[in-house]
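So the sequences go chain by chain: X and U.
No gaps in the numbering here: position 113 of the first sequence is 113 in the numbering used here, and each next residue is one more.
No gaps in the numbering here: position 16 of the second sequence is 16 in the numbering used here, and each next residue is one more.
Be a bit skeptical, because a hint or two may be false.
Computed footprint of chain U on chain X; a stretch qualifies when at least three of its residues, placed anywhere within it, have a C-beta under 8 Å from a C-beta of chain U [unchecked claim]:
1. 39 to 47
2. 105 to 111
Interface residues of chain U toward chain X, partial, derived using beta-carbon atoms under 7 Å [as the list claims (entries may be wrong)]:
3. 42
4. 43
5. 44
6. 46
7. 102
8. 105
9. 106
10. 107
11. 108
Label-pair restraints from in silico Cβ distances [said to hold, decoys possible]:
12. 10/U x 15/X: 29 to 37 Å
13. 55/U x 12/X: 43 to 51 Å
14. 59/X x 39/U: 20 to 28 Å
15. 70/U x 17/X: 48 to 56 Å
16. 114/X x 15/U: 35 to 43 Å
Note that these hints are calculated values from the structure, not bench results.
Glycine included, each C-beta is placed from N, C-alpha and C at the ideal position.
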Amino acid sequence: NAGVTQTPKFQVLKTGQSMTLQCAQDMNHEYMSWYRQDPGMGLRLIHYSVGAGITDQGEVPNGYNVSRSTTEDFPLRLLSAAPSQTSVYFCASSPRGPNTGELFFGEGSRLTVL
Amino acid sequence: AQSVTQLGSHVSVSEGALVLLRCNYSSSVPPYLFWYVQYPNQGLQLLLKYTTGATLVKGINGFEAEFKKSETSFHLTKPSAHMSDAAEYFCAVSDLDFGNEKLTFGTGTRLTIIP
Numbered sequence: 001n002a003g004v005t006q007t008p009k010f011q012v013l014k015t016g017q018s019m020t021l022q023c024a025q026d027m028n029h030e031y032m033s034w035y036r037q038d039p040g041m042g043l044r045l046i047h048y049s050v051g052a053g054i055t056d057q058g059e060v061p062n063g064y065n066v067s068r069s070t071t072e073d074f075p076l077r078l079l080s081a082a083p084s085q086t087s088v089y090f091c092a093s094s095p096r097g098p099n100t101g102e103l104f105f106g107e108g109s110r111l112t113v114l
Numbered sequence: 001a002q003s004v005t006q007l008g009s010h011v012s013v014s015e016g017a018l019v020l021l022r023c024n025y026s027s028s029v030p031p032y033l034f035w036y037v038q039y040p041n042q043g044l045q046l047l048l049k050y051t052t053g054a055t056l057v058k059g060i061n062g063f064e065a066e067f068k069k070s071e072t073s074f075h076l077t078k079p080s081a082h083m084s085d086a087a088e089y090f091c092a093v094s095d096l097d098f099g100n101e102k103l104t105f106g107t108g109t110r111l112t113i114i115p
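Extracted from the complex, chain X is given alone in its bound form (with noise of 0.2 Å):
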């Protein structure tokens, strides 16, 4: 029962750097979401999307881009990293939404960016 599977969970870049992270879930679920994790400021929502094919910004978009060709997985696009990028990302999915039923999180990805 894999549930939502992120990779990779370490990844150090270094400034100017591009890369991918990864997010799949085997539930079916219609909502995913990506949160990146800070001390001291909890998660907050990068991007979210309802369904394939659909996509909206969260609360922190700027340098991140994302797309949802199909239900199961998710991509989080980094494409010119910062250092103020390092952080640990979460993927979450949930059945409809988190109103109406609970997120379901990966284990995290730790990102450095050097």
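Since the structure of chain X is already known, use the hints to place chain U on it.
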């Protein structure tokens, strides 16, 4: 826009003592309220949630929370702390814009249990 304030970034209690983690929210309309728990090196998992109806909500692992509209609070309690309760706890609020739902999390409270 809604917001959440968690009073106390660190709380320590003795094993067997009462656990009280505070959460106050700000919202223009009655919100949905949640508590999530994060164990070390893991993602978050839902403890309990309030949507409508009974204001005292029971969750997993013996935790409960009471929605008090007059105080705009949703404090989390557990009568007797256990060592396994050591974790970080997040209060979250969501608006009622179905189909455009966003959870806003508090900054978290790290709970330490003293043997």
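Exercise. What are the numbers of the hints that this structure violates, sorted from low to high?
Worked result: none
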